[in-house]
Amino acid sequence: MKILVCISKAPDTTSKIAFTEGNTKFDENGVQFIVNPYDEWYALVRALEIKEAQGGNVTILSVGGADYEPIIRKALAIGADDAVRIDAQESDSLYVAKQIAEYAKDKGFDIIMCGKETINYNGSVVPGMVAELLDLPYIPLAVKLDVNAGVATLEREVNGGLEVVEVTGSFVLSAAKGMAEQRIPNMRGIMAARTKPLQVVPAFAAETSTKLVSYDLPPAKGACKYIDAEQAGDLIRILHEEAKVI
Amino acid sequence: MSVLIYADSHHGKFPKSSLEAVSYGAAIAASRGTTSVVLTIGTLQGDGGLGKAGAQKVLNASSVHTTDSQQLSRLVVAAAQAQNADVIIFSHDIAGKMIAPRVAARLDAGLIPGATSLPASEGAFKIKKNVFSGKAIAELEVTTSKKVITLLPNSFSVKTDGQDAPVEAFQADLGNTTLKVKEVKSEEKEGEIPLPEADLVVSAGRGLKGPENWGIVETLAHELGAATACSRPVSDIGWRPHHEHVGQTGITIRPNLYIAIGISGAIQHLAGVNGSKTIVVINKDPEAPFFKAADYGIVGDAFEVLPKLIEAAKAYNASK
Ligand SMILES: Cc1cc2nc3c(=O)[nH]c(=O)nc-3n(C[C@H](O)[C@H](O)[C@H](O)COP(=O)(O)OP(=O)(O)OC[C@H]3O[C@@H](n4cnc5c(N)ncnc54)[C@H](O)[C@@H]3O)c2cc1C
Ligand SMILES: Nc1ncnc2c1ncn2[C@@H]1O[C@H](COP(=O)(O)O)[C@@H](O)[C@H]1O
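So the protein lines, in turn, are chains S and F. So the number in this note's numbering is just where the residue sits in the first sequence, counting from 1, plus 165. So the number in this note's numbering is just where the residue sits in the second sequence, counting from 1, plus 99.
Pulled out of the complex, with its shape left as it was, chain S reads as follows (with noise of 0.2 angstroms):
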């Protein structure tokens, strides 16, 4: 099995959202950057079981620029074998992927792994472009994948429940929660991780399709309103009369 994982940089979930230069870039002061969790926790691990189980490669394939590289290395101490990073602005989603297309079309990945969405963008579109563009099946939302003998079995999250879809040949996931269990990498991998080969290649022309304008923050909060225990009843009236949500 030769597997692909697309892991994504994202501000650790407790770091404190602010912008500079007008608005139009996130402020990283301060801020510990994560592999997205998603990448990590349950397409990274899930590819690494498999490799175990049945041999092949994991290959990290991250779109961004050299600050990239802590996480990259952090995905190798995890236990994927080697890493490309294409040297690029991760502008827009579109862009994005036509880079992991451009390089993924020649090199007969099995499966090409990405999470269910980035937490800073909250986008869940990556993925399924890729797979587009390469003209490979898609499942997203996956919480379950076996292969056996070049077939793969997959569930993903559909209304109300799951789809079991069974797939051959090549094809693109994203990894929703239970797909596996998050990993804490040791000394040895983290050791190993140092002299993992981590290509470094240029970006691909595209043009890129949409751009920010600006950021802002949502509206502050009112202050609660306390409601008295002994009368907690009081508060159906007031989710009518004031609230106005029953």
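These are calculated hints, taken from the structure and not from any lab test. The hints are all genuine.
Facing chain S, from chain F, some residues (calculated, C-beta under 10 angstroms):
{"no.": "1", "residue": "K227"}
{"no.": "2", "residue": "V230"}
{"no.": "3", "residue": "I397"}
{"no.": "4", "residue": "A414"}
Backbone N, C-alpha and C fix where the C-beta goes; we use that ideal spot for every residue, glycine too.
Knowing the structure of chain S, use the given hints to seat chain F with the ligands on it.
Using the frame of chain S, we list chain F with the ligands on its own:
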């Protein structure tokens, strides 16, 4: 020119999120002086109520039942070409997240996933979306001539005063796929409101102590006509099914009302619910962080507060 909207149905009905996308697309068509065309698959009764929601024309691919992203995107692309659509709309639901990215890549169109506003009425095609799990809003401009948008559920009201729309049969070559559906495992219970579509949600966390105590949560939800949800540890230990888990690693919801009972309000939990219009927090710890995100708070023991709420909800229902 036209605006094409793909409306997904479930058990032959159009969920609220699909109707929102139809009304949103109709508003864009009206502002651009073009026609709103809705594409649907499977059997349709009349115009399916889509005209009321704003469709001026309905295309029905009645023989299509596939759930394969490749085939469905070929259908949408064919309809977009046949209708000369320059704006294509989906809901940011399971179907939209699956098909829209493929359509955008095929048409080389810029895509705004999870839009929360109409495009700016003048000048460039600019739209807002939530980023950083609801902690900020970004305004983005689409710079390509064709545009694809997925609309975040519960961010646009459904129109109800439209005219019945003419329905035309639609067909396209769906091509092959190497994907086979083996089985669908339904987790739906009779009469249960699916969480992503619910307007009202009652949710509980580890403060409830054990699965045997969920009866009062379900009763309150039932009295309010609400869906039930839970925090992550609760689904991880198996007290509640996984599809109820909301938050950063679970599902994101934006109901009109979110009642959180015995949930501390960790940032990863808030990420999934902070788009709710009204938030009520019930917690025995006055220092619980959730109160900072709440509109209404009750400091008290859930086992004493909930029976009072259930009683009041029953009285309210009886008086309606
Ligand atoms: C990367 C990451 C991702 C995560 N993703 C998610 C996610 O998607 N969703 C999620 O929910 N969590 C997520 N978590 C976990 C999150 O950080 C919290 O640990 C979790 O939300 C806590 O759940 P809880 O509030 O139910 O439990 P607790 O934190 O144990 O809180 C229980 C609360 O109940 C109150 N309480 C106790 N008894 C009573 C009573 N009798 N009456 C009233 N109140 C009572 C307590 O005061 C307390 O506030 C994630 C964590 C990490 C690190
Ligand atoms: N810059 C990037 N480099 C590599 N993979 C990415 C990048 N951005 C997004 N992805 C992948 O695409 C998934 C969905 O991203 P998004 O559509 O931005 O929510 C992520 O979980 C990653 O697996």
